[in-house]
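Can you make the complete structure from the sequences, with help from the hints?
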Amino acid sequence: MNTNLYKYILSIADNSLILGQRMGALTGHGPSLETDIACTNISLDLFGQVRSYYQYAAKIKGDNTTEDDIAFLRKEREYLNVLLVEQPDTNFAFTIARQFLFDTYHFLFLEALEKSHDITLSAIAKKSIKEVSYHRRFSSDWMRRLGDGTQVSHEKVQEAINVLWTYTDELFHQTEADIVMVKENIAVDVTKLKDHYYNTVKKVLEEATLEVPESKWFQKGGKEGIHTEHLGYLLSDLQYMQRTYPNMEW
Amino acid sequence: MSEEQIKNLETQFEARIARDEKIEPKDWMPEKYRKTHIRQMSQHAHSEIVGMLPEGNWITRAPSLRRKVALLAKVQDEAGHGLYLYSACETLGISREELYEQLHTGKAKYSSIFNYPTLTWADMGAIGWLVDGAAIINQVPLCNTSYGPYARAMIRVCKEESFHQRQGFEIMIKLANGTPEQKEMAQDALNRWWWPSLMMLGPTDAESVHTEQSMKWKLKRKSNDDLRQQFIDQTVPQADLIGLTIPDPDLKWNEERQSYDFGEINWDEFWQVVKGHGPCNKERMNARVGAWERGEWVRDAAMAYADKKENRKTKKAI
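Read top to bottom, the protein sequences are chains V and R. For the first sequence, my numbering assigns the number 1 to the initial residue and increments by one for each residue that follows. For the second sequence, my numbering assigns the number 1001 to the initial residue and increments by one for each residue that follows.
FYI, nobody ran anything at the bench for these hints, they're computed from the structure. Be aware that one or more of the hints could be misleading.
[As the list claims (entries may be wrong)] Straight-line alpha carbon distances no greater than 20 Å define the calculated DMTMM-like cross-link-like pairs of lysine to aspartate or glutamate that follow:
#	chain 1	residue 1	chain 2	residue 2
1	R	1026	R	1010
2	R	1308	V	148
3	R	1282	R	1269
4	R	1183	V	249
5	R	1313	V	206
6	R	1309	V	148
7	R	1222	R	1240
8	R	1313	V	141
9	R	1308	V	207
10	R	1109	R	1010
11	V	220	V	195
12	R	1308	V	141
13	R	1313	V	207
14	V	203	V	159
15	R	1315	V	148
16	V	75	V	63
17	V	216	V	170
18	V	183	V	249
19	V	220	V	76
20	R	1308	V	206
21	R	1316	V	195
Structure representation (structure tokens):
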């Protein structure tokens, strides 16, 4: 098995899995019916992407591994998503800010992944980027609405951005598997996306009359499987059925 | 308008309905017609929205990715149904805020079935199979109802509901053919959802207050008892097919009627839940009211932003 490729696929897919799980949990509890539908839709898109990635990863792993084995039966330290996507939905401002900070990255990432020499990854990227360009528009629009809405919304979304900012730098961190895969023209060199990312984010924050956080202290670890405490609870829910009723078909 | 003129209008109106013509939002309509439609359509919309909660309860715990995606899509469809039904309701001159207010204060009802808890994964199957199955029986005739926007909304709703029903039954088939534990889970879900599903088709004809007028306006084409019989006759063979037992010892095929006889429904339980004392009435209402209240600052922000944008555009134009 090509371990580096396998790990690389998981590191992409796990972001969509965990964020999809977060967004799916909000279904039925949103501030309006329209936002509810949009958040569910984002979750659906992300899970759709997850399935394509994991099916590919399962093929690489062999041994009759299935997409569900990969999604549900790993231990916490084996999930390779970035810390940003596992952060909780403290309020709607956090949901939107998390989505915005991720979507901006996700779009740039997929644009680059389309050029991957791995044809499966390139095909998944081509399909996903259409969905993600919609996600990005949705979350950027809401950043503007909340930032330039009322005093209350402005403060809430500023706080969310301040809190989540510490998780943005990790998006551009490379693991050893990434470095190998970049050399083989399979992976995206995320270090090259960083300037474009921060410029885009800053532009939207300015339009939203929000301040760009100045903190230079960043958290990382997700890509190595070292997570925040939030992930364990999310996984307990996610894995509940597969753990309680092992080896069954649903 | 004189009393005679109104009477004339009413006669013409009833004649149009009798000729199977659709009534459209701008047409004249008796006040009672408008009110009855607001009541029924909003009750239907509220049922879709509250109905998202018991199934939403299992989104984070769905057992496979395929099931998770299907469940998300289903709950999203319900939100979509709520959206068109609220919009159809708005054509009768009531705002969505007023409709929510009626739901949140308990003035408007929603289907009582959603006041039962979803305790296992099999409940996702049972709801699709039984609850959506009963809903379709209730709703298919509404595709020909007299009020145009409602009839058109129902055509789309019914198509999606029938997909949900098949999806639910497919979950049950899988469980019924699975391990003993899975089969037990499926049977337990059927035991818990069967009677509430029968109740969902409404009180017996003798106790149903709205039937006669609703029949005339094609808001109803068959009586509650007829619909219930149709549901039972359709569902029992499906249970047989997958080897599950309907939890009714009095259930028996009646050769003469070519229909199933069935046991007595516990109407006390039905009225208890309708009156707000079911297992989850409070939880469902708290979830809806809570989401609405927590979302107030978000909706305010969206309004304020839209106003600012509009002002900027006007200033630019000047």
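Hint check:
no.	hint	result
1	R:1026 x R:1010	holds (15 Å)
2	R:1308 x V:148	holds (9 Å)
3	R:1282 x R:1269	holds (16 Å)
4	R:1183 x V:249	holds (12 Å)
5	R:1313 x V:206	holds (19 Å)
6	R:1309 x V:148	holds (10 Å)
7	R:1222 x R:1240	violated (27 Å)
8	R:1313 x V:141	holds (17 Å)
9	R:1308 x V:207	holds (13 Å)
10	R:1109 x R:1010	violated (29 Å)
11	V:220 x V:195	holds (18 Å)
12	R:1308 x V:141	holds (14 Å)
13	R:1313 x V:207	holds (16 Å)
14	V:203 x V:159	holds (18 Å)
15	R:1315 x V:148	holds (18 Å)
16	V:75 x V:63	holds (19 Å)
17	V:216 x V:170	holds (12 Å)
18	V:183 x V:249	violated (40 Å)
19	V:220 x V:76	holds (16 Å)
20	R:1308 x V:206	holds (16 Å)
21	R:1316 x V:195	violated (33 Å)
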